[in-house]
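Residues per chain are reported as follows:
There are 2 protein chains.
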Amino acid sequence: MSQGGPVSTGTPLSPTPRSTVRRLGDRARTDRAELYAVLDAGLVGHLGIVLGDAPVVLPTGYGRDGDTLYLHGSTGAATLRAAATGAPVCFTVTHLDGVVYARSAFHHSMNYRCAVVHGNARLVTDSAERLHGFEVLTEHLAPGSWSATRQPDRKELAATALLTLDLTEASVKIRTGPPGDDEADLASPVWAGVLPVRTVVGEPEPCPLLSEEIPVPDRVLSRQV
Amino acid sequence: MSQGGPVSTGTPLSPTPRSTVRRLGDRARTDRAELYAVLDAGLVGHLGIVLGDAPVVLPTGYGRDGDTLYLHGSTGAATLRAAATGAPVCFTVTHLDGVVYARSAFHHSMNYRCAVVHGNARLVTDSAERLHGFEVLTEHLAPGSWSATRQPDRKELAATALLTLDLTEASVKIRTGPPGDDEADLASPVWAGVLPVRTVVGEPEPCPLLSEEIPVPDRVLSRQV
Chain A
1 MSQGGPVSTG TPLSPTPRST VRRLGDRART DRAELYAVLD AGLVGHLGIV LGDAPVVLPT
61 GYGRDGDTLY LHGSTGAATL RAAATGAPVC FTVTHLDGVV YARSAFHHSM NYRCAVVHGN
121 ARLVTDSAER LHGFEVLTEH LAPGSWSATR QPDRKELAAT ALLTLDLTEA SVKIRTGPPG
181 DDEADLASPV WAGVLPVRTV VGEPEPCPLL SEEIPVPDRV LSRQV
Chain B
1 MSQGGPVSTG TPLSPTPRST VRRLGDRART DRAELYAVLD AGLVGHLGIV LGDAPVVLPT
61 GYGRDGDTLY LHGSTGAATL RAAATGAPVC FTVTHLDGVV YARSAFHHSM NYRCAVVHGN
121 ARLVTDSAER LHGFEVLTEH LAPGSWSATR QPDRKELAAT ALLTLDLTEA SVKIRTGPPG
181 DDEADLASPV WAGVLPVRTV VGEPEPCPLL SEEIPVPDRV LSRQV
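First to last, the sequence lines map onto chains A and B. In terms of UniProt numbering, the first sequence is residues 1 to 225. In terms of UniProt numbering, the second sequence is residues 1 to 225.
If you're looking for bench data, these hints aren't it; they were derived computationally from the structure. Careful: at least some of the hints might be erroneous.
[Said to hold, decoys possible] Sample of chain A residues at the chain B side, in silico, Cβ under 7 Å: (1) 50; (2) 92; (3) 94; (4) 184; (5) 186; (6) 197; (7) 221; (8) 224; (9) 225.
Quick caveat: nothing in here was measured; it's all calculated off a predicted structure. Beta carbons are placed, not taken as given, at the ideal position from N, Cα and C, and that holds for glycine.
Please take these sequences and the hints and turn them into a complete structure.
Below, the structure is given as structure tokens:
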């Protein structure tokens, strides 16, 4: 759960050269609230970093506090170590919302929401800021867990790198709606439409080592993703 | 739907320096069938490419034929154009399978399956291979659609770049199961376990321009993701 404050305000997304949506620009959104919404709705982002001369893209958990994105990972991870030096990164969160069936193979598509953030990550070293960041990350992944569970100890904190990425240079692209078939294909006897795709949660599965006397708490029972 | 042939055979995944799982190596899988399974289960991957000195990570559709991954995109997309020059790329597919609730904040985690492919993309120029690649891509996104819908015409083909990426250098990482809490926390009165997460399809939504006489075909009705 993000600590984002009001999402209906904020500066519009800045169209810098690399955050300008060039392809299918009608799918671009410039409202900062839409950036927040796409980020807040996800649990896994994909962090890109250059190692040597090649890109590496790895799934990464995250959390948002206002215009700050928190990322964390093991201090031993090469990508995190590289990002911590202030090298340029790209962080992308994508939601698949539907498979778009068209009357032509070419116009098959997907409905989706995607946020792309460009920037240079910063390694957080201040103890209080680090603890705040870990709280944001934990609460994004598992709302209510930070105060309900044991806080990180010194050894755990030492093993974890915390990075921030400012939401300064970002773009949002969203596709919704039916297929965009050519006029000439509209009379074709082929079914066209959208098969919606969504993410749902199942029944909580207690840890085998858990006492049966401990019930599933509301923070888990009421969790949606 | 991938044209992958038997998935229980094949050479093991090669541990090159960049495809070696360094963190939490017990989550690494080396069976090629597991790579195929993770790729085949997804619809959206994240393609990383270096533009200038910065990484760009964009969601990308794909399809698999044996050990060849097909990617496509507009000939106008900067990332696709860069990949088409043979620059190094990284292509990552991740499935979120569950939120792992632990007795400590630190051991909160996610269950997931992730495939990471490193390599240099190749621009396909041969007409027959291009048509085959587009068929693989269409059938992966929407099984049955290639033969049921209008094939791409010359203009559509000209607007689309097709790339291949060999599944030569790849790694698979999978986390399953309950939280890995510290021994000392096991007696804590805090609920621990997994909240499963999965992707499901909803009711097909016909295109508003579709004749009501055209029923939803089996290829859509029976589609799972």
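The hints, checked one at a time:
1. 50: Nearest chain B Cβ about 5 Å off; hint holds.
2. 92: Since the shortest Cβ distance to chain B is 4 Å, the answer is holds.
3. 94: Hint on residue 94(A): holds, closest Cβ of chain B at ~4 Å, below 7 Å.
4. 184: violated, 9 Å
5. 186: holds, 6 Å
6. 197: Hint on residue 197(A): holds, closest Cβ of chain B at ~6 Å, below 7 Å.
7. 221: violated, 9 Å
8. 224: Interface hint status for residue 224(A): violated (10 Å vs cutoff 7 Å).
9. 225: Cβ of residue 225(A) sits 6 Å from chain B, so the hint holds.
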